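Visitor: Sequence:
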Amino acid sequence: MKLAIVEDEVILAMALTLLLEDWGHQVIGTADTEAGALALVEAARPDAVLMDIRLGRKDSGLHAARQIRGSSGVPIVFCTAYADSGPVQAEVRSIENAHLVGKPVDEERLEGLLRDIEGRRREAASSSFVSSVVHTLQTASNDP
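Residue numbers (numbering that gives the first Met the number 0): 0 to 143.
Treat the hints as calculated values from the structure; they're not laboratory data. Errors might be hidden in some of the hints.
[As the list claims (entries may be wrong)] Across the chosen pairs, the derived CB separations fall in these ranges:
(1) Gly85 - Arg120: 29 to 35 Å
(2) Arg120 - Lys57: 17 to 23 Å
(3) Arg121 - Ala34: 40 to 46 Å
(4) Arg53 - Met13: 14 to 20 Å
(5) Gly118 - Gly85: 14 to 20 Å
(6) Val9 - Glu122: 22 to 28 Å
This structure is a prediction, so every number in the text was calculated from the model and none was measured. A virtual CB, placed ideally from N, CA and C, is assigned to each residue, including glycine.
Please construct the entire structure, taking both the sequences and the accompanying hints into account.
Guide: Spelled out as structure tokens, the structure:
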């Protein structure tokens with residue numbers, strides 16, 4: 000799966016990259032700001048985004064996620080030290096197709112979430128393919 004990482008701590012971004020690549024994923028880029036996150040998602044079209052909630056320079060992963068939602072339904076997995084906070088949980092729930100993992104990163108939970116996201120992505124692609132084939136067959140059978 001193609002993944003983007005939005006994390007302002009360089010060492011953590013590198014550690015996540017190594018972990019995800021060990022699991023067989025492709026990290027297609029990293030960003031450390033809201034603007035960088037938007038540009039990365041638009042340019043690289045990842046299958047999912049791993050995003051910190053608090054980014055440096057007063058940027059917010061939550062704000063970036065809402066902006067991304069304006070143009071993409073890409074799943075977002077928030078990785079944050081504030082995962083147990085009620086207000087943070089409520090904010091994440093308010094964003095469609097968003098998930099929450101605590102820091103330090105709970106590897107089992109993250110791996111399970113990514114497997115679920117990949118499964119749903121494959122189901123959607125398969126369903127889309129079947130619909131396309133059915134449409135093509137129907138169109139062909141209606142031709143004189």
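Visitor: Broken hints, numbered, in rising order?
Guide: 2, 3, 5, 6
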